[in-house]
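Residue numbers (our numbering), protein chains in the order written: chain A, 1 to 324; chain B, 1 to 324.
Be aware that one or more of the hints could be misleading.
If chains are identical, the list can't say which one is meant, so a pair holds when it fits in one copy or spans any two.
Heads up, simulated DMTMM-like pairs for lysine to aspartate or glutamate below, C-alpha to C-alpha not over 25 Å straight-line [said to hold, decoys possible]:
(1) K77 - D94
(2) K77 - D119
(3) K312 - D247
(4) K312 - D226
(5) K77 - D215
(6) K77 - D259
(7) K77 - E227
(8) K312 - E100
(9) K316 - D94
(10) K316 - D146
(11) K222 - E100
No lab work stands behind these hints, which were simulated from the structure alone.
There are 2 protein chains.
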Amino acid sequence: MAEAAGVSPATVSRVLHGTRPVHPDLRARTLAAAQRLNYRANRVAQALRTRSTGTVGMVVPNVANPFFPVVIQAVEKELRRHGAQLLLCDSGDDVGEEAELVRSLLDHRIDGILFSPCDQLSSRPALRLAAARVPLVQIDRRAVSDVAYVGVDQEGAMREVIEYLIAQGCQRFAYVSSTSRASTAAERLRAYRHTVRGVDARSAQRVYQGSFSLDWGRVAAKQIVDEGDLPDAIVCANDSVALGVLDVLRSQGLRVPDDVLLTGFDDTELASIAWPPLTSVHQPLEMIGRKGAELVLGADGVVAGRSVNLFKAELKIRESSRRR
Amino acid sequence: MAEAAGVSPATVSRVLHGTRPVHPDLRARTLAAAQRLNYRANRVAQALRTRSTGTVGMVVPNVANPFFPVVIQAVEKELRRHGAQLLLCDSGDDVGEEAELVRSLLDHRIDGILFSPCDQLSSRPALRLAAARVPLVQIDRRAVSDVAYVGVDQEGAMREVIEYLIAQGCQRFAYVSSTSRASTAAERLRAYRHTVRGVDARSAQRVYQGSFSLDWGRVAAKQIVDEGDLPDAIVCANDSVALGVLDVLRSQGLRVPDDVLLTGFDDTELASIAWPPLTSVHQPLEMIGRKGAELVLGADGVVAGRSVNLFKAELKIRESSRRR
DNA sequence: ATGAAAGCGCTAACAC
DNA sequence: GTGTTAGCGCTTTCAT
């Protein structure tokens with residue numbers, strides 16, 4: 001390429017990057033040659049030299065969780081706006097895999113990492129390792145407090161759910177969640193317990209923990225029904241669980257919201273499609289993704305470290321929790 | 001690293017890769033040093049030298065379409081099994097963006113591309129460009145016939161849907177789809193027309209094309225209802241559309257399946273959650289993703305070019321299409 | 001079996 | 001302004 005244009009490789013680089021002024025003639029000659037040869041710089045070589053690959057890694061616990069694709073989409077879009085590519089990894093909610101993935105990403109010399117740690121405790125070593133080497137932003141879930149984070153205020157959102165239900169006249173609650181050690185699960189549970197305690201101490205203990213799945217929702221619902229002590233409202237830690245619960249309630253002849261109110265969390269597409277439509281907590285997913293990408297690239301002038309970006313979640317009230 | 005072990009860099013490389021026999025002593029010394037220094041090879045430098053980055057690009061039209069996350073997950077898993085990383089790109093169903101993404105991936109010297117072309121015609125140039133440089137596998141959607149493909153037999157699946165509905169006694173149909181120029185949309189439509197023609201020529205023309213969204217399903221359903229000529233079955237090109245249709249039918253006091261049968265396509269989580277549960281076409285997403293990854297890596301010994309891998313889709317019959 | 005040396009394709013000093 | 005040169009961190013001849 002350099003010789004095709006009859007100039008030095010250095011000049012080619014300068015022309016293509018505008019790093020330094022170049023004589024118009026040489027410039028033109030270079031550009032012409034680039035055009036003619038359909039020249040495209042080898043980013044691998046660039047990366048080796050400049051120590052910047054133009055790639056950002058992202059580690060999420062489960063790509064198939066409808067929550068993440070939207071965030072991923074926003075991340076990828078924002079990264080591309082800055083000329084960066086997304087290296088996506090799914091940890092399968094496994095701390096070991098997760099650590100492995102982080103190491104692999106570091107080997108690839110990614111310019112930064114968006115990390116959604118699957119365990120608020122055990123994910124720490126991997127998180128520390130990565131944060132020590134590249135800009136890192138925790139997204140949705142978090143494991144340490146002195147590294148940038150972006151997500152919604154989980155506790156605030158769950159508190160809002162309960163307060164709304166109380167305002168609807170509910171006094172006795174049950175909470176269906178997962179045993180997941182993700183920060184989000186922990187925060188939602190804490191808020192549930194804390195808020196519910198004010199109106200009924202026993203409800204604060206009525207917690208069913210399994211997994212974030214339809215099936216667990218079904219199992220938990222059966223258990224609740226079998227106990228023969230239906231609460232006024234069943235609060236779920238996410239939409240899948242809530243829909244599993246709904247399925248069983250329906251097949252047991254119990255009506256939502258007539259016999260029991262029901263709420264989910266995340267406001268995935270499932271929530272609006274369900275019948276009756278499910279009251280849920282809507283998160284600004286695009287905003288979360290975009291902000292995460294911005295932070296990790298240091299694009300907004302703020303260094304990623306330390307900053308905490310809490311967005312407001314919005315309680316989306318639908319039929320499943322409307323007293324009639 | 002080389003000097004830390006007191007050996008030549010060449011030896012280090014040979015030990016770490018087992019490329020050639022190395023004296024046990026040196027081997028041990030090298031390994032010890034690697035351990036001690038926590039040495040991890042720089043993949044960028046490796047890539048520059050070996051011309052293989054250990055990354056594979058994937059271009060999909062819309063990450064948020066619930067169809068893709070599962071495929072992506074399977075792809076990523078299989079890639080990792082082979083030590084490769086996934087560079088994920090969302091074309092947003094835009095041919096221009098798509099071409100840009102492909103160029104960018106090539107710049108990054110990915111080892112292969114998994115490509116879901118958004119337009120069976122206009123996506124060709126980008127596809128050709130990429131296929132000329134790296135192993136390429138078309139996934140789910142396709143644009144050319146002489147490059148590897150993996151997906152389900154769309155026409156066969158849609159034919160099965162119609163034949164099943166005919167067996168249920170349906171004679172008059174309407175088809176709700178998208179104007180998308182994706183191969184999948186085209187193939188499903190063709191199969192609809194072809195199969196339906198046998199029982200009612202007019203139904204073959206009764207096609208409503210908008211977008212693959214809930215909203216379009218709603219709009220189309222209103223149109224169908226307003227025409228005051230309800231068919232026996234409304235066949236939808238995907239689940240979202242079908243659920244939009246369902247929503248409107250319900251609010252208009254029409255009952256599924258009592259007044260009209262309804263089918264979707266893709267069997268996303270939405271289908272089983274809907275009320276009534278939606279009959280849909282289930283695709284082996286994990287298998288598609290896994291096979292795509294295998295092919296693009298040349299992992300199964302088969303070169304990617306030319307081979308066509310059609311999987312069988314399975315008609316999932318649920319309440320929305322059961323005559324009672 | 002091992003080391004020296006070249007070189008992957010680029011950019012950044014450094015000279016002119 | 002421009003070219004020459006060194007070197008990013010590896011792997012791979014090529015000698016030995």
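Cross-check of the supplied hints:
When the C-alpha separation of K77 and D94 is checked against a cutoff of 25 Å, the pair qualifies only between copies, where the shortest distance is 13 Å, while the shortest distance within a copy is 27 Å. In this homomeric assembly, K77 and D119 come within 25 Å of each other (Cα to Cα) only across copies, at 20 Å, whereas the closest approach inside a single copy is 27 Å. Taking the shortest Cα distances, K312 and D247 never come within 25 Å of each other, neither inside one copy (30 Å) nor across copies (29 Å). With identical chains, the CA atoms of K312 and D226 are never at most 25 Å apart, being 37 Å at best within one copy and 41 Å at best between copies.
Only between protomers do K77 and D215 lie at most 25 Å apart by alpha-carbon distance; the minimum there is 24 Å, versus 34 Å within a single protomer. Taking the closest pair of Cα atoms, K77 and D259 never come within 25 Å of each other, the shortest separation being 44 Å inside a single copy and 44 Å across copies. Taking the shortest Cα distances, K77 and E227 never come within 25 Å of each other, neither inside one copy (49 Å) nor across copies (41 Å). For the homomeric pair K312 and E100, neither the shortest alpha-carbon distance inside one copy (33 Å) nor that between copies (35 Å) is at most 25 Å.
Within a single copy, K316 and D94 get their C-alpha atoms no closer than 31 Å, and across copies no closer than 32 Å, so neither meets the 25 Å cut-off. In this assembly of identical chains, K316 and D146 lie within 25 Å of each other by CA distance neither inside one copy nor across copies; the values are 32 Å within and 49 Å between. For a Cα distance limit of 25 Å, the shortest separation of K222 from E100 qualifies neither inside one copy, at 38 Å, nor across copies, at 52 Å.
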